[in-house]
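S.K.: What follows is each chain in one-letter form.
2 protein chains.
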Amino acid sequence: MTKFMDVHHGMTGLTGDQLREAHEADLAIQDQEGVVFEHTWADPESGTVYCLSEAPDADAVQRIHERAGHRADEVHCVTLAL
Amino acid sequence: MTKFMDVHHGMTGLTGDQLREAHEADLAIQDQEGVVFEHTWADPESGTVYCLSEAPDADAVQRIHERAGHRADEVHCVTLAL
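These protein sequence lines are chains A and F, in that order. Position 69 of the first sequence, counting from 1, maps to 69 under our numbering, and the rest follow consecutively. Position 35 of the second sequence, counting from 1, maps to 35 under our numbering, and the rest follow consecutively.
All clues given are correct.
Given that identical chains are not distinguished, each listed pair holds provided it fits within a single copy or across any two copies.
Below, computed lysine to any residue pairings styled on SDA-like, alpha-carbon distance capped at 20 Å:
no., residue 1, residue 2
1, Lys3, Pro44
2, Lys3, Glu45
3, Lys3, Gly47
4, Lys3, Glu33
5, Lys3, Leu52
6, Lys3, Arg71
7, Lys3, His39
8, Lys3, Val36
9, Lys3, Cys77
10, Lys3, Asp17
11, Lys3, Gly13
12, Lys3, Gln18
13, Lys3, Ala81
14, Lys3, Gln32
15, Lys3, Gly16
16, Lys3, Gln62
17, Lys3, His23
18, Lys3, Leu14
19, Lys3, Thr15
20, Lys3, Ser46
21, Lys3, Asp31
22, Lys3, Leu82
Hints listed in this document are in silico derivations from the structure and should not be mistaken for laboratory results.
Bound conformation, chain A alone:
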């Protein structure tokens, strides 16, 4: 398992409820691809959302996000962490 940081842009004005609903949609199906979403952070002002996960590969992360209805704009394999 490798750690991934994925980024969603264009989410200006996102509310806490919307973030929770989107995150729960990921969690509900993450087992299908062996992904574990660990955290998510959002800046509603710039419309940026970051999701930290562990997954077999970047495509698995993207497939979960796509099926949950919110494709990521970037998925980065963060091989270094402190």
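Based on these hints, arrange chain F on the given structure of chain A.
M.R.: Structure of chain F alone, referenced to chain A:
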């Protein structure tokens, strides 16, 4: 205190030692601005580094990064977190 995610681009080929050295340079002076750097993740392939912190404001985060020699390209106030 508010949570911030800052992003550094153009760090292609970054090594674990370089990330640790940069992170420790931040930690050494973070008290000067009341910043607490909590985590950092890096994707050396795309050259992207993410730093999660708690701080009084975005400028405080940037001042620490600047003094430590690595200005952030983006500093986002992540008011939502799960």
